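So the chains spell out like this:
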Amino acid sequence: GNSVTQMEGPVTLSEEAFLTINCTYTATGYPSLFWYVQYPGEGLQLLLKATKADDKGSNKGFEATYRKETTSFHLEKGSVQVSDSAVYFCALNPWGSQGNLIFGKGTKLSVKP
Amino acid sequence: GAGVSQSPRYKVAKRGQDVALRCDPISGHVSLFWYQQALGQGPEFLTYFQNEAQLDKSGLPSDRFFAERPEGSVSTLKIQRTQQEDSAVYLCASSHGGVSGNTIYFGEGSWLTVV
Chain A
1 GNSVTQMEGP VTLSEEAFLT INCTYTATGY PSLFWYVQYP GEGLQLLLKA
51 TKADDKGSNK GFEATYRKET TSFHLEKGSV QVSDSAVYFC ALNPWGSQGN
101 LIFGKGTKLS VKP
Chain B
1 GAGVSQSPRY KVAKRGQDVA LRCDPISGHV SLFWYQQALG QGPEFLTYFQ
51 NEAQLDKSGL PSDRFFAERP EGSVSTLKIQ RTQQEDSAVY LCASSHGGVS
101 GNTIYFGEGS WLTVV
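Chains as they are written, first to last, in my numbering: chain A, 1 to 113; chain B, 1 to 115.
Bound-form chain B, shown alone (with noise of 0.2 Å):
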């Protein structure tokens, strides 16, 4: 497709459940990052790869977030034993390098409920 698509769009999970979000970035872009986006603000970042090393993942919350672009284009962000905390929109975005200044393009992320 011409955009960056994720999904599932929304899903909800029982407490101590594990997800698996799906995030299938623009064709050739380089650089994929993951966002969380609580209720009323901004995103704030999670992880980066470039191609398939995970070079910053200085922004997953806990030990139960873990991410992978195994072969440099399609990335899973897991997260294990969810809680209520975990309840937010997680967005996932792709450029063609990873340079300051190059326009980042974002999906229109999954929203995760947790219950």
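Extracted from the complex, chain A is given alone in its bound form (with noise of 0.2 Å):
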């Protein structure tokens, strides 16, 4: 079946540290992948979105590739600030579907200036 597996947090780190959060799926055929944010007292936003093998999605300094080979779909940021505290999740469409998402269990950040 289709799953998410995403690093488990907390995750500390300093102002302007290097930010990798791990995300590994399990999914037939070609999903859709995404990262979505929920910043404390919000609900769930977009962050970023690759829809193809390759595919690099960024936005507000966050990036990530898709990679089929390893199955994967890391977050990246250089230099975190502390507004980026937050909870992170990366979900999958799977290919084909009606677009409905499957996440996995969130990674909380907490970045510290």
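These are calculated hints, taken from the structure and not from any lab test.
Remember, it's a predicted structure, so these values are computed and weren't measured experimentally.
Treat the hints with care, since some could be wrong.
Here are the computed lysine-lysine pairs in the BS3-like style, where the Cα-Cα straight-line distance is at most 30 Å [as the list claims (entries may be wrong)]:
id	chain 1	residue 1	chain 2	residue 2
1	B	Lys57	A	Lys77
2	A	Lys68	A	Lys112
3	A	Lys108	A	Lys77
4	A	Lys105	B	Lys57
5	A	Lys52	A	Lys112
6	A	Lys105	B	Lys78
Beyond 10 Å from chain A on every Cβ pair, some chain B residues (computed) [unchecked claim]:
id	residue
7	Arg15
8	Gly42
9	Glu52
Don't be surprised by glycine CBs; every beta carbon is placed ideally from N, CA and C.
Starting from two chains that each stand alone, build the complex the way the hints lay out.
See below:
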């Protein structure tokens, strides 16, 4: 079946540190891949997405590359800010589906000044 | 409004009570989804509508859960005879079309606590 596995948190970093949050998936065909972010007290927001192999999604300094050979979609940012503190969810949209998302469990990121 | 709107934002129900959660999707969005998010977990799919048709209800955990979207816009998720394990955030989401890769937009959720 389809599933998403992401690294467990919490992750605590100092401001300006490099961030990697690992995400791997299991799916048939060619799923679309997403990162959503949930800031404290707010709803889920789309951060970035990639719909085919080797695509790179990017937004707000974050980026992730769709790697079909390793079934991965790791999230990276070169220099995190305190305002990046949030919970990050990796998700996939199975190929040929109606658009439904399957989520990982989320990774909480705390950035200290 | 510009985004997906949900009400109530917070609901405390006594065990055995019925609750109804409302979702106003983004105007013109054909697809509507309901998810359940337990504390510390990722959202889990409950059900999907394309316009007024409920095309997938495979994620509804029991027959106490019922969803409708009679006119293809506003949707209501109803939980009958609530149990403590129903305590969670219920997320509504919508998208322009029902195809893989479309961006799905989420509301802020309805936080249900069953006591």
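Hints versus structure:
1. Distance hint between B:Lys57 and A:Lys77 is unfulfilled; the C-alpha atoms sit about 37 Å from each other, more than 30 Å.
2. Distance hint between A:Lys68 and A:Lys112 is unfulfilled; the C-alpha atoms sit about 34 Å from each other, more than 30 Å.
3. Simply put, A:Lys108 and A:Lys77 have alpha-carbon atoms about 15 Å apart, close enough for the 30 Å limit, and the pair holds.
4. Of the pairs offered as hints, the one joining A:Lys105 and B:Lys57 holds, with about 22 Å between alpha carbons and a cut-off of 30 Å not exceeded.
5. Straight-line distance between C-alpha atoms of A:Lys52 and A:Lys112 comes to about 35 Å, which puts the hinted pair past the 30 Å bound.
6. Under the criterion of a C-alpha separation no larger than 30 Å, the hint pairing A:Lys105 with B:Lys78 is consistent with the structure, at around 25 Å.
7. The claim that B:Arg15 is not at the interface with chain A holds, since no C-beta of that chain comes within 10 Å of its own (minimum 27 Å).
8. Not every Cβ of chain A is farther than 10 Å from the Cβ of B:Gly42; the closest lies at roughly 3 Å, contradicting the non-interface assignment.
9. For B:Glu52, the shortest C-beta to C-beta distance to chain A comes to about 15 Å, beyond the 10 Å cut-off, and the non-interface label holds.
Of the numbered hints given earlier, the model fails hints 1, 2, 5 and 8; all others are met.
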